[in-house]
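Given chain Z, work out where chain L should sit, using these hints.
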Amino acid sequence: MPAAFSEKRLGLRLLLCLSFSLSGGSPADPTVTTQDVSKSQANLLTKMQAGLNESSPEHMTTTQTVNQQTQGNLSDHLTLGHNISTSGPGLATKEFKQASGGNVSDVTFVEYEVLLPGVSGTSVEKNITLDRGTRIELSCRLDNKYSHLKSLQVTWKRGNETVRHINKTETSWSIQLRILDNSKLGSYSCTLKGEEEISAVFNLQVPKIEGKEKPIVSYEGDTAVMICKSFGYTPIAWTWYVTNGSEQIAINDTLLTNKYVINRISANVTHMKILKLTKEDNGVYWCEAAFELGKSKGKLKLKVLSLMVPLKPSLAIVAEVVILVTIIFLYEMYSKKKEKGSEAEKEFDQIEQLKSEESNGLENSSARHRKI
Amino acid sequence: MLGDAICIFCKNTHILCSAGYWEAVFAQRSGWTMSPSVRSDLGYVPPDGGWGWAVVFGASISVGFAYTFPKAFTIYFKELQAVYSISYSQIAWITSIMCATTYGGGPISSILVNRYGSRPVVIFGGLLCGIGMVSAAFCTSILQLYICVGFITGFGLALNLQPSVIIIGKYFLKRRPIANGLAMAGSPVMLCTLAPLNQFLFDNFGWRGSFLILGAILLNCCVAGALFRPIGPATVPVKTQMTEEGKGALKEEVTEDAMEMNSPTDVPMENKTEEEGGKDCCEKINRYLDFSLFKHRGFLIYLIGNVLMFLGFFAPIVFLAPYAKHIGIDEYSAAFLLSILAIVDMIARPTTGIIANSKWVRPRIQYFFSFSIAFNGTCHLLCPLASGYTGLVVYSIFFGLAFGMVCAMLFETLMDLVGAARFTSAVGLVTIAECCTILLGPPIGGTLIDTFGDYKYMFIKCGAVMVLAGTFLFIMNYYNYRMLAKEEKERKVKGDPKEDPVRTENEGKNNWNKETAQDGPELEPLREEREGLKKEMNGTNEV
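Residue numbers (the working numbering), protein chains in the order written: chain Z, 39 to 410; chain L, 272 to 814.
Pulled out of the complex, with its shape left as it was, chain Z reads as follows (with noise of 0.2 Å):
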């Protein structure tokens, strides 16, 4: 049902490949993976669509991943990762990465597939994660559909700034961009200009770590936790800061060991402890992580509350516990002594009863007697 969701739904589809090389063999190499990457993503495809088939509801984003190790013409292992997303308005984007790891010389390739819209004036994006420093290829591919359009003339830009693109092949442009630090990264947009203008837009961005959105609750004198977990990716540092008026003080628990305790439970975890708390220590506290190629950051919120704040419910609680209980002891014994009020009334009419027939009685037996 995807499969076809996607055939028919979409419009035109560009690939968008991204070959990584990491560490830059031979020109040779290059084109043998990528050759190589293609066949087995060819494979891959056919896979996903029949994997789409089976599973994935419409009118929902999925997600699916699939991992397959090939060992191919390289002589190290080759991890090609798939992630296919259908996301509402009839947009499909497939992600292709690759990666291996083992020795230097290997070559990676990571190769981004971006579909292009054919409806022009809407333009895909695509977001993609980076930790540390690579070398990347971003491409723009069109479509065999439609090949027919002639005259296109496309442009790689970054904000204002173009930059120099190859033709891969007839349909498929790209661009090689080395990341190494911060100033890299950001977003880089293809447009194809022809009748209509058709774009994607590439944002290369760091780690998000994840904070709290509710606010963690805790009491004067008390202990709280905050725990910050970086998903998938190691960061080299953790720092923490709190928010002090508009400003962000870091945090040196070395500094103050009786109130901070830093810990970095794991490599993708750390936690900080706030000890003896009081009131001031109400607020935003943030934690950051460091990456080769940039910082991230998560918020937390604190709130400190008095121990009167849960005392005033419970008390509240209690009482009307102690109100029902004695309501319904009151009615107990209220029922209890009305039955013992009618009951004595039953009595007092049992023994009205007997003397009267007791008195019939004598009368009778006397007249008895007398009769005799």
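Note that these hints are calculated values from the structure, not bench results. Treat the hints with care, as some may be off.
[As the list claims (entries may be wrong)] Taking lysine to aspartate or glutamate and the EDC-like style, the derived pairs with C-alpha atoms no more than 20 Å apart in a straight line are:
#1 Lys314(Z) <-> Glu602(L)
#2 Lys252(Z) <-> Glu350(L)
#3 Lys384(Z) <-> Glu358(Z)
#4 Lys250(Z) <-> Glu759(L)
#5 Lys349(L) <-> Glu761(L)
#6 Lys246(Z) <-> Asp319(Z)
#7 Lys339(Z) <-> Asp474(L)
#8 Lys337(Z) <-> Glu602(L)
#9 Lys350(Z) <-> Glu602(L)
#10 Lys341(Z) <-> Glu350(L)
#11 Lys195(Z) <-> Glu248(Z)
#12 Lys341(Z) <-> Glu383(Z)
#13 Lys267(Z) <-> Glu350(L)
#14 Lys222(Z) <-> Glu163(Z)
#15 Lys246(Z) <-> Glu383(Z)
#16 Lys339(Z) <-> Glu602(L)
#17 Lys267(Z) <-> Glu326(Z)
#18 Lys339(Z) <-> Glu234(Z)
#19 Lys393(Z) <-> Glu383(Z)
#20 Lys341(Z) <-> Glu602(L)
#21 Lys349(L) <-> Glu234(Z)
Keep in mind the model is a prediction, meaning the values are calculated, not measured.
Showing chain L alone in chain Z's frame:
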């Protein structure tokens, strides 16, 4: 680890409340219920209504807290793990200890009820729970949490659970299955409210404030306890017997013989008080906790069958959400499966009560119980065949239905087998025996999953165990019914004047005496009443 298992379940429970409660009550009033003449061995005729419905309401609150509190508590695990820097299995010990204490405290609960009656025990239990949670709010180490939340609150819940179930047997006879079904329906209803409430409290007050407020909420068990008005042979029948027979005596010749006819219950009681001095150790223990139940055929059948059943009872609930995630369903849909289960459960329990009360099912309620266990097992066996989300939804619905059916009849069948008089001790002994297998079930399932890497073996194990338990119970109860019928025939042939109740063996007399003796404290004020009335009558006689 059981704790993990329970935790996973609780984390994913988001449920809406629905009122399955009053269905049964309205259905009753339309005249649906027709019960066979099941004789009571209580020594009096239970009211089967009136204040009994208030008692059912209180019992459902108590039972609800006892069963759902450990499950709903797991919301706090993540935070506590971070604060105390401990691993998941260490924090999960809290709920394990709580569950173990709740079930293991059964015999103590039974002894206390035998001695003091239901009401004081439940009120004390409620107080204990409240104290436990409030002190947990001020804990500074995980060990203190184990004690406060695990032991103290767990024991308080144990003192809530058993007496609530016991007192239903004292207030209902003809409509007992319905009453049981309604009382057990408190569990899913309470889960609906406690789970989101806990989340709300945690978001607004943090874990310490939440514990404080939860302690106050648990005090509501005392309210439930206050509703458990004591009832016994003296409270109900003596008055009616007195008034009816008293009238008759007064209408006839007024002699002292009328006095003896008036109070048949007095005679055995007076005999009993004379005998008490000459009792030996065993009988004294049996007064508090009836170990002679182990010679009771029905009780043994129930015990073995249930102990076997609990091995596979709770594990599927615990692993349903993880299984759903394993086959690729997203977290919210997996949580929704549990919600479906809870809603179906909520409706199934009172409905099962009504069905069990009908004249066709009640005499053969043990078969119905065995059938529902086997049905439950079959659901589990078929679960691995369910593919995709729809299959799992269907499984959840059937599972909820089966789960509700079994739970609703869990205590009803025991009451049916041993009689309401000995039920007090029976329930204590049964819960402590079940305690082991209840705690073992999910970890064994977890081990199977870890060893084979596949959930289907866990489902197969649970299903097989339950089908086996159901079949065992079915066959053994068939044998039991035949033996009981034989014994009944023999009794009739012997011409025994004292009509023993159908469900107990020849110790009927002893039971009756025991019951009247055990209800001692409850009868004190009434005994005095009777004395007073006797004097009045004597006075009138002399006239």
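Status of the hints after comparison with the structure:
no., hint, result
1, Lys314(Z) <-> Glu602(L), "violated (37 Å)"
2, Lys252(Z) <-> Glu350(L), "holds (13 Å)"
3, Lys384(Z) <-> Glu358(Z), "violated (39 Å)"
4, Lys250(Z) <-> Glu759(L), "violated (70 Å)"
5, Lys349(L) <-> Glu761(L), "violated (63 Å)"
6, Lys246(Z) <-> Asp319(Z), "violated (26 Å)"
7, Lys339(Z) <-> Asp474(L), "holds (12 Å)"
8, Lys337(Z) <-> Glu602(L), "violated (25 Å)"
9, Lys350(Z) <-> Glu602(L), "violated (36 Å)"
10, Lys341(Z) <-> Glu350(L), "holds (15 Å)"
11, Lys195(Z) <-> Glu248(Z), "violated (31 Å)"
12, Lys341(Z) <-> Glu383(Z), "violated (66 Å)"
13, Lys267(Z) <-> Glu350(L), "holds (15 Å)"
14, Lys222(Z) <-> Glu163(Z), "holds (18 Å)"
15, Lys246(Z) <-> Glu383(Z), "violated (84 Å)"
16, Lys339(Z) <-> Glu602(L), "violated (26 Å)"
17, Lys267(Z) <-> Glu326(Z), "holds (10 Å)"
18, Lys339(Z) <-> Glu234(Z), "violated (48 Å)"
19, Lys393(Z) <-> Glu383(Z), "holds (15 Å)"
20, Lys341(Z) <-> Glu602(L), "violated (29 Å)"
21, Lys349(L) <-> Glu234(Z), "violated (54 Å)"
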